[in-house]
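**Q** Residues per chain, in single letters:
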Amino acid sequence: QKEVEQNSGPLSVPEGAIASLNCTYSDRGSQSFFWYRQYSGKSPELIMFIYSNGDKEDGRFTAQLNKASQYVSLLIRDSQPSDSATYLCAPKSQGAQKLVFGQGTRLTINP
Amino acid sequence: EAQVTQNPRYLITVTGKKLTVTCSQNMNHEYMSWYRQDPGLGLRQIYYSMNVEVTDKGDVPEGYKVSRKEKRNFPLILESPSPNQTSLYFCASGSIGRFNSPLHFGNGTRLTVT
Numbered sequence: 016q017k018e019v020e021q022n023s024g025p026l027s028v029p030e031g032a033i034a035s036l037n038c039t040y041s042d043r044g045s046q047s048f049f050w051y052r053q054y055s056g057k058s059p060e061l062i063m064f065i066y067s068n069g070d071k072e073d074g075r076f077t078a079q080l081n082k083a084s085q086y087v088s089l090l091i092r093d094s095q096p097s098d099s100a101t102y103l104c105a106p107k108s109q110g111a112q113k114l115v116f117g118q119g120t121r122l123t124i125n126p
Numbered sequence: 020e021a022q023v024t025q026n027p028r029y030l031i032t033v034t035g036k037k038l039t040v041t042c043s044q045n046m047n048h049e050y051m052s053w054y055r056q057d058p059g060l061g062l063r064q065i066y067y068s069m070n071v072e073v074t075d076k077g078d079v080p081e082g083y084k085v086s087r088k089e090k091r092n093f094p095l096i097l098e099s100p101s102p103n104q105t106s107l108y109f110c111a112s113g114s115i116g117r118f119n120s121p122l123h124f125g126n127g128t129r130l131t132v133t
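Residue numbers (our numbering), protein chains in the order written: chain A, 16 to 126; chain B, 20 to 133.
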């Protein structure tokens, strides 16, 4: 079992709809969870992080965490073509510095 | 401006010719790391450093060397590059001790070894 699993996609969503990106992880010691967005050939950039069970909202983005199910998700509301990118999920264990990255989900927003 | 700076952005070289990719950060971060990214394989960690003179292997260290003589710099050295090291490389840095501290990435170095 991979440490971090994401559906590689491509996930195709019409403009204006909600995009839902999912991530499961195997390390129960994971304490915080980071979502990065990466455009093709560019470096990953931090979208948001979450460390408490439940939802965390930031603008059009909502992260959801369920530690019991070892599941974290990212919702993008009112999807825009500029949201087309690969989204990387990265859990982090308490006391550890290493982020373990999933392979990412490629998201395409269709105008 | 807080940033991680990698150089060069693009590099084409031949098999066996030693090269160094530089990485520097201005955020006083203790932790620095190198990743390579290949299609279908995601980001894989090569080496990391927890502080000056403290380095350790990541998941794919073979064929690479690093050094951490100063806190701000973490160069990646390929003593004898081979074609299978053709990849997109990222340097990253972060703070130690804060569980919500993210990694900050450089702009990447696209290396081609012929």
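Hint data in this document are derived by calculation from the structure and do not stem from the laboratory.
Misleading hints may appear alongside valid ones.
Partial pick of chain B residues on the chain A-facing surface, computed with a CB cut under 10 Å [stated by the list, open to error]: (1) 27; (2) 62; (3) 79; (4) 83; (5) 104; (6) 107; (7) 125.
Cβ-Cβ distance ranges computed for the label pairs, FRET-style [what the hints assert, rightly or not]: (8) 81/B to 23/A: 17 to 27 Å; (9) 75/B to 97/A: 12 to 22 Å; (10) 97/A to 81/B: 21 to 31 Å.
Given the structure is predicted, the values throughout are model-derived calculations rather than measurements.
Ideal Cβ positions, reconstructed from N, Cα and C, are used throughout, including at glycine.
**Q** State for each hint whether it applies.
**A** Hint by hint, here is what the structure shows:
A cut of 10 Å between beta carbons decides the hint on residue 27/B: the least distance to chain A is about 15 Å, and the hint is violated. For residue 62/B, the interface hint holds, the least distance from its beta-carbon to any beta-carbon of chain A being 4 Å, beneath 10 Å. Taking 10 Å as the C-beta contact cut-off toward chain A, the hint placing residue 79/B at the interface is violated, the least distance being around 13 Å. The criterion of a C-beta within 10 Å of any C-beta in chain A is not met by residue 83/B, whose closest approach is roughly 17 Å, and the hint is violated.
For residue 104/B, the interface hint is violated, the least distance from its beta-carbon to any beta-carbon of chain A being 18 Å, above 10 Å. Nearest Cβ of chain A to the Cβ of residue 107/B: about 7 Å, under the 10 Å cut. The hint holds. Taken as an interface hint, residue 125/B checks out: its beta carbon lies about 6 Å from the nearest beta carbon of chain A, inside 10 Å. Hint check: residue 81/B to residue 23/A, Cβ distance near 26 Å, so the stated range 17 to 27 Å holds.
For residue 75/B and residue 97/A, the hinted distance range of 12 to 22 Å is not satisfied, since their beta carbons lie about 38 Å from each other. With their beta carbons about 38 Å apart, residue 97/A and residue 81/B fall outside the hinted range of 21 to 31 Å.
In the structure shown, a violation is registered for the earlier hints numbered 1, 3, 4, 5, 9 and 10, in ascending order.
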